[in-house]
Every structure is written in C-alpha cells, then in structure tokens.
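Model the full structure from these sequences, guided by the hints.
Here are the chains, one letter per residue:
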Amino acid sequence: MKLLLAIVQDKDSNLLSSELIDANIRATKLSTTGGFLKSGNTTFIVGIEDERVPEALKIIEKTCQAREQFMIPPVNMDATMDSSMSYPIEVQVGGATVFVMPIEQFHRF
Amino acid sequence: MKLLLAIVQDKDSNLLSSELIDANIRATKLSTTGGFLKSGNTTFIVGIEDERVPEALKIIEKTCQAREQFMIPPVNMDATMDSSMSYPIEVQVGGATVFVMPIEQFHRF
Amino acid sequence: MKLLLAIVQDKDSNLLSSELIDANIRATKLSTTGGFLKSGNTTFIVGIEDERVPEALKIIEKTCQAREQFMIPPVNMDATMDSSMSYPIEVQVGGATVFVMPIEQFHRF
Ligand code: NI
Ligand code: NI
Ligand code: NI
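Residue numbers (the working numbering), protein chains in the order written: chain A, 1 to 109; chain B, 1 to 109; chain C, 1 to 109.
Do not rely on the hints blindly, as some may be mistaken.
Identical chains share a label here; the pair holds if one copy fits it or two copies do between them.
Here are the simulated SDA-like pairs of lysine to any residue, each with C-alpha atoms no more than 20 Å apart in a straight line [stated by the list, open to error]:
1) 62 <-> 107
2) 11 <-> 33
3) 58 <-> 13
4) 58 <-> 24
5) 58 <-> 109
6) 11 <-> 108
7) 62 <-> 87
8) 62 <-> 88
9) 11 <-> 57
10) 11 <-> 66
11) 58 <-> 100
12) 62 <-> 26
13) 62 <-> 108
14) 11 <-> 109
15) 58 <-> 108
16) 62 <-> 109
17) 58 <-> 107
18) 62 <-> 106
19) 58 <-> 106
20) 58 <-> 104
No lab work stands behind these hints: they were computed from the structure.
See the structure below:
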C-alpha cells in the first residue's frame, strides 16, 4: 500500500472524485488553502495498492493537469478606459502536486 | 515515532477524541469528506511512540469499528403508502481506515 | 524530497505563511482542531528538498515556538469579587509539532 496526497484546485476536485470512484479508488477529501495560490484547493488522501499507483497518478494527471484557459478579466471600473479593452486573456488553471508516501501498516476496522 | 492517519465517521469522532485523551495520546482532527460515503468523516492525525502503536490501534478499533444498527428510515412522503411501512432497517455504521506511517524526525518547539 | 506536517496555533498561522513564502517554500494549509488544546490550530503540509529541511524547521521554530505571554483574564462576573482582581496572568502561547516524513515519489502535473 501507498498513501497518495494529491493537492488540486477546487475546480478540478469534483471531476477527480468521480474519476477515482469510477476506477474504484477510495479517496478522502480535505478542504485546504494556500500555496502561492490564493484560491482554495482540495487535498485528496488516497490509499492504494503499490501496483495501482501509476494508474492513480494517470487519473490525477489527466483530470487536473495545468492548462491554459481564456478568461474575460473583470470589467475595468476606470471610466476613462474604453470598455473595448476587456478582451479575453490566457490564464493557467489546474495543476496538481502529488506526494507518494510509504505505509507501514494499513487497517480497516 | 509513527504517524497514524485514522479516517472515521463523524458520529464516532467525539468518543474517539475522549478515549485518546484518556490514554494520553495526542491527536489533531481534520474535517474531511468522501470516500464512497457521502456523509462527513473526520481524519485524526496521531503522533505516537512505536511501542504504543498497538494500543492506539486497539482504541480506534474498539471505538469506531463497523457495526450494524437499527434505524427508522425517514417518513415516506408518498401519501399512497401506508405509514406502517416505516419499520426499522439494519444499516452499517462506523468503520475506520488507518494508515501507520514512518516518521524520520519529530520536533516540538 | 521530504514532507513536513507542521501543526501550529491559529494565531501563528498567518505569520508562518508569510515567512514560508519569503523563503520560497510552498505550503498547503488545513484547518484543524484538537490535541489537548481546545482552540483551533492549523496544519501545514510542506513539500521540501532534503537539504532545505533544517531551514524550514528553523522558520517554524522561530515563528511558532511556545512562549509566555501576559494576558488579562476575562472579567469575573461574580459581583462579590473586587474587579481589582483582574490582573494580568502569564500564559503559554504558540508551540509547534512537526513531523518530517519520507516521500517515495513527488509529481507536479
Ligand atoms: Ni505497500
Ligand atoms: Ni519511530
Ligand atoms: Ni528526498
């Protein structure tokens, strides 16, 4: 058994939950904040058999990978600026940090 | 020292806290969700001397072990059904998942 | 890489966040409760290169170390007691519990 600690963005958290359930991988979710990101993130605690670690990592990568997205920035309140300035900008979303940790014993009661 | 990560049902969480305090075992509690369970659960982080690991496991097992319980299901809103249909059903409650993890250093400041 | 799990008092949590950011150390924060303390505390998950572990520990120690502080106890509601009884008392605040844990794999997606 290994313990995976996966820190992902809140926006990817629901999809990751479903993908893990589909793969019959149990996870526990913690609501977390921080890193350099101001926005909330979610930490998944996953207990998994050694031979399924690569499969779990692949699911996390596929679901949460950092990617570019176009976003319309909030309207500029400065009246002297032309509203036509509000064009979409490219931002990075997603991303996951995953720690694979050894386990000495695993029990279910 | 070992670190125990114990995921238990919310309903067993207060009793587990008191039992650990009685045994002079320090624990930190995280509010968590998920697994296949929809209901909330609590994750305990316990730092414990190697020789007391079996004792801590026994306390968790005794307090949180999965067990059957009779429960009266919520009243059926369908008026065509006889209210006498609300008889107690047996459900499984409790249960704990525990990871025992190695620690390389432990510090108290 | 190592994973540091640092449990600190809420009152030291913001300062610790800034000090870690200053040192370019990424941390994820969990809101936690318990131990023998009734008050809330915060658990930091820090992923850090082996050679920077002592530096991270020093930051946690410097920021969160247990120390004495004078506090004016809440006003005594018992009208028979003289209000001059409300003199400052010395209490212990702060303190940190830190686990340094091995990591087998570390991934960023
Ligand atoms: Ni294993
Ligand atoms: Ni040990
Ligand atoms: Ni390392």
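(request) Have a look at residue 62 and residue 88 and pick one of within, between, both or neither, based on CA distance no larger than 20 Å. (result) Neither: 25 Å inside a copy, 44 Å across copies.
(message) Please sort residue 58 with residue 109 into within, between, both or neither, judging by C-alpha distance up to 20 Å.
(response) between (29 Å within a copy, 10 Å between copies)
(request) First find the shortest C-alpha distance between residue 58 and residue 108 inside one copy, then the shortest across copies, and answer within, between, both or neither for a cut-off of 20 Å. (result) between (26 Å within a copy, 12 Å between copies)
(message) At most 20 Å between alpha carbons: which applies to residue 11 and residue 33, within, between, both or neither?
(response) Both: 13 Å inside a copy, 16 Å across copies.
(request) At 20 Å max between alpha carbons, let me know whether residue 11 reaches residue 109 within a copy, between copies, both or neither. (result) between (33 Å within a copy, 15 Å between copies)
(request) Since the copies are identical, ignore which copy is meant and state whether residue 58 and residue 107 lie within 20 Å (CA to CA) inside a copy, between copies, both or neither. (result) between (26 Å within a copy, 11 Å between copies)
(request) Could you figure out if residue 58 and residue 104 sit no more than 20 Å apart (CA to CA) within one copy, between two copies, both or neither? (result) between (24 Å within a copy, 17 Å between copies)
(message) I want to check one pair: residue 62 and residue 109. Are their C-alpha atoms no more than 20 Å apart within a copy, between two copies, both, or neither?
(response) Intra 33 Å, inter 9 Å, cutoff 20 Å: inter-copy only.
(message) Cα distance capped at 20 Å. Does residue 58 pair with residue 13 within a copy, between copies, both, or neither?
(response) within (15 Å within a copy, 33 Å between copies)
(message) Please sort residue 62 with residue 26 into within, between, both or neither, judging by C-alpha distance up to 20 Å.
(response) Classified as within; 18 Å inside a copy, 23 Å across copies.
(request) Please work out whether the CA atoms of residue 62 and residue 108 approach to 20 Å or closer within one copy, between two copies, in both situations, or in neither? (result) between (29 Å within a copy, 12 Å between copies)
(message) Regarding residue 11 and residue 108, is the shortest C-alpha distance of 20 Å or less found within a copy, between copies, in both, or in neither?
(response) This pair counts as between: shortest inter-copy Cα distance 17 Å, intra-copy 31 Å.
Checked against the numbered hints given earlier, the structure breaks hints 7, 8 and satisfies all the rest.
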